[in-house]
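Colleague: We have chain A already, so just place chain B on it with the hints.
Going down the list, the protein sequences come from chains A and B. Following the working numbering, the numbering of the first sequence begins with 32 at its first residue and continues without gaps. Following the working numbering, the numbering of the second sequence begins with 32 at its first residue and continues without gaps.
Be careful, since some hints might not be right.
If chains are identical, the list can't say which one is meant, so a pair holds when it fits in one copy or spans any two.
Result set (SDA-like, lysine to any residue): computed pairs, CA atoms no more than 20 Å apart in a straight line [unchecked claim]:
| hint | residue 1 | residue 2 |
| --- | --- | --- |
| 1 | Lys104 | Leu119 |
| 2 | Lys93 | Asp174 |
| 3 | Lys93 | Glu176 |
| 4 | Lys104 | Pro156 |
| 5 | Lys53 | Ser102 |
| 6 | Lys53 | Leu131 |
Note that these hints are calculated values from the structure, not bench results. Predicted model, so just to flag it, every value in this text is computed and none were measured.
2 protein chains.
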Amino acid sequence: MTTRIEKQTGAAFQLKAGDKLKVIDPLGEQVSDMVLFNANDKRERVSSGKTLDFENTILITKGHHLWSNRSQKMMEILEDTNGRNDFLLAPCSPETFQILYNNPDYHPSCFENLYTNLAQYGIEPDDVPTAFNIFMNVQFAADGELSVDPPLSKAGDYVLFEAKMDLIVGLTACSAEQSNNYSFKPIEYEIVSGG
Amino acid sequence: MTTRIEKQTGAAFQLKAGDKLKVIDPLGEQVSDMVLFNANDKRERVSSGKTLDFENTILITKGHHLWSNRSQKMMEILEDTNGRNDFLLAPCSPETFQILYNNPDYHPSCFENLYTNLAQYGIEPDDVPTAFNIFMNVQFAADGELSVDPPLSKAGDYVLFEAKMDLIVGLTACSAEQSNNYSFKPIEYEIVSGG
Chain A
32 MTTRIEKQTG AAFQLKAGDK LKVIDPLGEQ VSDMVLFNAN DKRERVSSGK TLDFENTILI
92 TKGHHLWSNR SQKMMEILED TNGRNDFLLA PCSPETFQIL YNNPDYHPSC FENLYTNLAQ
152 YGIEPDDVPT AFNIFMNVQF AADGELSVDP PLSKAGDYVL FEAKMDLIVG LTACSAEQSN
212 NYSFKPIEYE IVSGG
Chain B
32 MTTRIEKQTG AAFQLKAGDK LKVIDPLGEQ VSDMVLFNAN DKRERVSSGK TLDFENTILI
92 TKGHHLWSNR SQKMMEILED TNGRNDFLLA PCSPETFQIL YNNPDYHPSC FENLYTNLAQ
152 YGIEPDDVPT AFNIFMNVQF AADGELSVDP PLSKAGDYVL FEAKMDLIVG LTACSAEQSN
212 NYSFKPIEYE IVSGG
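Bound-form chain A, shown alone (with noise of 0.2 Å):
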């Protein structure tokens, strides 16, 4: 069965080690980002410097773990027909508004969808880590230099993902003008049970 997210909305559901999750880009050029966090002991959760780290790579794609703060791995990536996802920049969130886009008013965030979806499981807004931006197209140049550009997902594209340990998982269909173009479009996911 697929959920739908809406635009500028998110979800929060849980896992069993060995479901598999696929998040899929239904219209094209939308981003979604995910954070993740152990079932059993929220205080673990995904890790960017982590992954970073033991892939030896800042393009996270099929073949690769998410890996958490204690150095397990939380899931795996088995196809990805996109290939361009971003573990570099935070969720945006209603700073990223203010402070980068000059936007005093409130603004939906990925930040805000993130951690009122996982506050039923007890996770709070200082929890969230940098999430797995799913699709997001975020080019760096040789001197460093970060541009988030419009993603190259198109309808359908999906990554398919598969939990190594139960998981608590915070997903959204991004709020971000920048991540997706100016398009805000629904994200929808799939879960299929391990058992």
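Modeller: Chain B alone, transformed into the frame defined by chain A:
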């Protein structure tokens, strides 16, 4: 007064807003991992994802700030005589040596040296974020591949930081062979009171 952190060890101390911290590589080719916490609320800590996002570059140096998970400025970099630091990779940990370097024996690590020194402030291992890796020379290829190269720092190179809030600081002289070209050297630091 200059304080020495002996090779493969660490330190933790407090700074007041306005204090300056000079981190010195006294012999050259050594790395120092630094983590920061808000001294008045330790759940606020330095964030690589927020820093890369707000500074819009992978290479953080003079003129940049180190940002927290609450989108606040924790430190400003006033001077940087070497100019190459890393904010991608997690502090080396026991698992770094076991998994990346295939070394099953005990090995000192920045992670252990951070959390053991930070314990006096009630900070636990799970609270240690990705560190700002001063002098660390991580090169990234166009395809995203990372390589940990010998530091470019010469004897006496330093980075001068200014605290933008009251801080708890964890600081190490790095324990990893690959980070410091198998040299295992000390790090020195000096605090200049802002008052």
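Colleague: If a hint holds in the structure, say so; if it doesn't, say that too.
Modeller: Against the structure, the hints come out as follows:
| no. | hint | result |
| --- | --- | --- |
| 1 | Lys104 with Leu119 | both (19 Å within a copy, 18 Å between copies) |
| 2 | Lys93 with Asp174 | between (27 Å within a copy, 14 Å between copies) |
| 3 | Lys93 with Glu176 | between (25 Å within a copy, 15 Å between copies) |
| 4 | Lys104 with Pro156 | between (23 Å within a copy, 18 Å between copies) |
| 5 | Lys53 with Ser102 | neither (24 Å within a copy, 31 Å between copies) |
| 6 | Lys53 with Leu131 | neither (31 Å within a copy, 29 Å between copies) |
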